[in-house]
Structures are given as structure tokens and as C-alpha cells.
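Chains S and Y supply the protein sequences, listed in that same order. For the first sequence, our numbering begins at 23 and goes up steadily by one. For the second sequence, our numbering begins at 23 and goes up steadily by one.
Errors might be hidden in some of the hints.
Any copy, or any two copies together, can satisfy a pair, since identical chains are not distinguished.
[Stated by the list, open to error] Simulated crosslink set (DSBU-like; lysine-lysine; CA at most 35 angstroms straight-line): (1) K40 <-> K67; (2) K105 <-> K248; (3) K181 <-> K40; (4) K149 <-> K181; (5) K105 <-> K256; (6) K256 <-> K67; (7) K248 <-> K103; (8) K237 <-> K105; (9) K256 <-> K40; (10) K181 <-> K248; (11) K290 <-> K105; (12) K40 <-> K293; (13) K40 <-> K105; (14) K248 <-> K237; (15) K172 <-> K149; (16) K40 <-> K290.
Simulated from the structure, these hints should not be mistaken for laboratory data.
For reference, the chains in residue letters:
There are 2 protein chains.
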Amino acid sequence: MEVISDIQAMRSWTRAQKNTGQRVALVPTMGFLHEGHLSLIHAAKQHAEKVIVSIFVNPTQFGPGEDYESYFRDLDTDSAKCKAEGVDAIFHPAPDSMYLPDASAYVNEELLSLGMCGRARPGDHFKGVLTIVTKLFNICEPDLAVFGEKDGQQLRLIKRMVRDLDMPVEIINGPTLREADGLAMSSRNAYLSDEERKQALCLKQSLDLACDLVKQGESNCQILLKAIHDHIGKFDHAEIDYVEIVDDESLQPIERIESPAMLALAVKVGKARLIDNCLLTL
Amino acid sequence: MEVISDIQAMRSWTRAQKNTGQRVALVPTMGFLHEGHLSLIHAAKQHAEKVIVSIFVNPTQFGPGEDYESYFRDLDTDSAKCKAEGVDAIFHPAPDSMYLPDASAYVNEELLSLGMCGRARPGDHFKGVLTIVTKLFNICEPDLAVFGEKDGQQLRLIKRMVRDLDMPVEIINGPTLREADGLAMSSRNAYLSDEERKQALCLKQSLDLACDLVKQGESNCQILLKAIHDHIGKFDHAEIDYVEIVDDESLQPIERIESPAMLALAVKVGKARLIDNCLLTL
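Construct the complete structure from the given sequences, taking the supplied hints into account.
So this is what it looks like as C-alpha cells:
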């Protein structure tokens, strides 16, 4: 397994693989890899002969006051995990090689990005995400890339960007991996104390609650959202950042569930801001 | 020479060329080709074995009230010219295959794009330009692309975008071609009446005037700009849209010429809005 930090070297590596007729997959990550990431690597290996994992804590997607500085970084452990999974190359650039001081061009989106994490997070989170993903695509030139369904809005935005900008990359969904009790795997779970870890279950419980109500015939989103607010209100370490039910295509809020919808929520549990989502269909 | 309108077919064409080791150049145009375009094609042929000319009047770079509908379109004549120049493929997509009704992702820039044509043209001109150029790059996957120096701000913006987004495309400058009397070649010159055609010379005369003053030691931009305003003021069919002297890297207005600067101007002559520019160095 190669660990590459240079942009030109990364591009050359992919081109050499493609020249021998091999398909190349990219799994973009911010490192501190857990089972969820490894499942994305498994998915990548099913679709391509060669797999790149990029490990880059992208400064432009963190807003003021967010956890950019304190975000976990452990390249040695990440490398060992990638090697054990049969990853072919890690792309691990230095922040100042990715962003020049006078960088001024960017990618953004003006519909799906406006609500949920786009509204709730400080700064211009999705502008940072779409710009770094574009850069990684242009550097790694993968045939396909795998993104986790846990970041539901991000996944849909990236698919929209690929569609609208004709990017020559196929996007593969990686299903959300969960701990035995239902908590979605996330690097940020490591912020949780024991008590907070228990209360963090309120996210998955909220998804299940809403799914059950929908199965029983409830399609009124106000009623579903109130049930979730009431449930999370019982947890004294949990503070709702947002709960939204949106159309699964446009990500615009809806009144009633009539076509596939996404229920997405962000909850602050202690100092961890956790997100989760599920599909709601009648 | 092939004329291709389908996005997938265009991408396949380029990949087939690259698979045989040939370099592919793209010359993006809005059609109605003149000698200036043909010189860009010549430049492309010097750098690559295969040349694509894209012909697409891009709706998103025209603002309300601009000449999108009336812009000249003549694919048959353009095709004949391309064939005579030894072009290998024309990419000529339909507008509705390039933009879906709910397209929402885009590329933009937040420094070099703010002044000059970015301020003067209605709508979000450079957002449209950068988005379509990104799409053409992603579809045609060229090794290099040629852009004319006549669109000075556009050329610099595209180079900035390629740098900041790590696009795997080399950008080549095509020098401005001029008529015998100095008028920069442009499809929009066809809008000019005989009298307007004479008065359109005020653009190149203004560039020459400023270059002469700088050669004589004048570095104060206010004095240079006043001389240009005074000169163009003598032409009754010419109306200044903007005249700016900017740093050649950042495109920010400067007070004195101390490092390479770009003098750029846009002048309305009759219903034609004409632009021109030159480099000013002490």
C-alpha cells in the first residue's frame, strides 16, 4: 500500500492503474477510521480493482467555533486499518498543498444545500464539502467514489453536483453502520462520556419512532416532528440542532409524506454534534 | 471530422483518442467562428494531436436583456471552417441536454470575478462561464484547452479555477487577433453599422494611448484612465461600460503601475458591447 501526499504523484498513480485497464475507486474520509469507513472500503472493492482512501481533515467545511483543531487525527492507526483491508493507496495531502492562501474558486449548490446542515452549521459547510470533493475527484480521477448514507444531505448534494457538472465519476451509496444498540458509527462518538453515550441513542430511537408512526399510517409531518421533539426532550444531555422531513429529491421541507422523504436530524449530545437520517415511505 | 452532440459519445471519443496515446485539445467557443477562433485552433494543433471545438451558446452566461436569443448561430459555416482547419471533432450539444430544469450545482469565484465584466454585466456572468467550462472539461476531458486573451478577465479566471480546483487541464493563451485597422476580432463586430465600425476603433486607440503614456513614464492610473475617458468621449456612438486598470494577478484595481497590470475596457458601440485589453508594464 502506498501513502501519497503529492498531488501530481497521486494523479500519476491513478493513471498508471487505468492504463492497465483497472477501475479505480475513491473513498474520501477525514480519517480516524471506524467500521463505518471500512464498510465503504468493502463497497469500493466490490466495484473496482484498486481502492484509494483519502484522509484529509478539510478546513473549509468547518465553521468558526467548530471542532477543526480538535478533530481526531491518527494516520498510523488509519494506515494499518487500510492496509489490513487491502487498500491500494492512501492520499494524505498537507492542508497547505490543498489550499493556496489566495484560493478563490469554489463549487457550491443553491437548492439542496440550503436547509438542515446547510442552515444549522456555521460558515459555508457544503461549499467546503463540494469544493474539496471536486478537488479530490480532479486529483485522484477515480472511476467511482463511495459516500456514506449517514451523511444523507451530503450524499444527495454530491450526486447532484456530479450530475449538474457532468463529473465522470459514479457515486456509490454506503449504508449506515450502527453499533449493536443502534447508534450510527461516527468519529465524533469518541467525544461522548458514558452517560452521553447512552443518551445518544435518542437519535436512532427518533428515526424508529417516526418509521413506526408512518407504518401505522401517519403522514402528517408536523405530528411526526412533534413526536420526535417530545422524545428527545426527555434526554437532559441532548439538544436538538434540527429535525426536518424533506422531499428525498429536492431536500425541501414537506407537509405530508406522499413520495419518498428523508427524515434527518442533528442533535448535540455533550460536545458531540451527531447526525442521523432515514428514508420515510408510505 | 465528427460532429457530436451526445455527452457520453463525446467522452467516449476523447477516451478512444487518449487510449492510443494521443493528446486532446479543446477550443471552447460559442460558434460564429472568425479568424480569431481559427488562431485558437492553430494553437491547439501545436500542442495536441487531436482537436475538439465545442460550439455552444451558453445561456447561463447571458444576463437579462443581453443578446442570448439574437447571438449568431451558423453551424454549417462553422463546421466547414473547422473541417478546413483540420479539427477532429465538433461538440455541439443541445441546451436542454446541458442544463436540466432543476440544475442547482455550480462553480464560481470570489475575487477575480468581482470587478469589470463581473460587475458590469447583468446576472452572474462568470458563474455561468466557469460552470459551463467545468462541464465542458468534464465531458470532453481534454489534456489542454485554449482561451483567447481578448477575454482577459475570463482567461485569468479560468486559470484560477483550474489551479484552485486542481483540474487536470493545461490552459493555453491565444493572442488577440485584430483587423488591419486594429479592431479586435469578435463575433459581435457583426452588429456594427459602417459608422459604428469606424467608431469601434476607439477601444484599440485607448489601449495604444495608455501604452504610449506608460512608455513615457506615466504610472498614475487616474491620469491614464482620464486620458481614455477623454478620448472615448469624442466618439458620439461609443458609450463606456467600464475602463479599469487592475493588478494582473488579483484583478484588483490599482493606483499606480508598479507590477504587471491589465488595462481592460468594455464599450457599447451601437448595440454591440465590445471588450478589449492589454498588459501595462513600466
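field: Within, between, both or neither, where K256 and K40 count as close if Cα-Cα is 35 angstroms or less
entry: Neither way: K256 and K40 sit 54 angstroms apart in one copy and 61 angstroms across, limit 35 angstroms.
task: First find the shortest C-alpha distance between K105 and K256 inside one copy, then the shortest across copies, and answer within, between, both or neither for a cut-off of 35 angstroms.
output: neither (43 angstroms within a copy, 73 angstroms between copies)
message: Reference check for the pair K290 and K105, CA-CA at most 35 angstroms: within, between, both, or neither?
response: Within one copy, since 34 angstroms is at most 35 angstroms while 63 angstroms is not.
task: Tell me, please, which holds for K40 and K105 at an alpha-carbon limit of 35 angstroms: within, between, both or neither?
output: both (21 angstroms within a copy, 32 angstroms between copies)
message: Regarding K40 and K293, is the shortest C-alpha distance of 35 angstroms or less found within a copy, between copies, in both, or in neither?
response: neither (44 angstroms within a copy, 51 angstroms between copies)
message: At most 35 angstroms between alpha carbons: which applies to K181 and K248, within, between, both or neither?
response: Within one copy only: 31 angstroms inside, 51 angstroms across.
- request: Indicate which option fits the pair K256, K67 if close means a Cα-Cα distance not exceeding 35 angstroms: within, between, both or neither.
  value: neither (42 angstroms within a copy, 70 angstroms between copies)
- prompt: Checking K40 and K67: alpha-carbon separation at most 35 angstroms within a copy, between copies, both or neither?
  reply: both (15 angstroms within a copy, 26 angstroms between copies)
task: Since the copies are identical, ignore which copy is meant and state whether K237 and K105 lie within 35 angstroms (CA to CA) inside a copy, between copies, both or neither.
output: neither (43 angstroms within a copy, 63 angstroms between copies)
Homomeric proximity label, K149 with K181: Cα distance no greater than 35 angstroms: Both. Shortest intra-copy (14 angstroms) and inter-copy (20 angstroms) distances satisfy the 35 angstroms Cα cut-off.
- request: If the cutoff is 35 angstroms on CA atoms, where do K248 and K237 land: within, between, both or neither? Let me know, please.
  value: Within one copy, since 17 angstroms is at most 35 angstroms while 74 angstroms is not.
query: Between the shortest in-copy and the shortest cross-copy C-alpha distance, which are at most 35 angstroms for K105 and K248: within, between, both, or neither?
result: Classified as neither: same-chain Cα gap 46 angstroms, cross-chain 66 angstroms, threshold 35 angstroms.
Hints 2, 5, 6, 7, 8, 9, 12 and 16, counting from the list given before, are not met by this structure.
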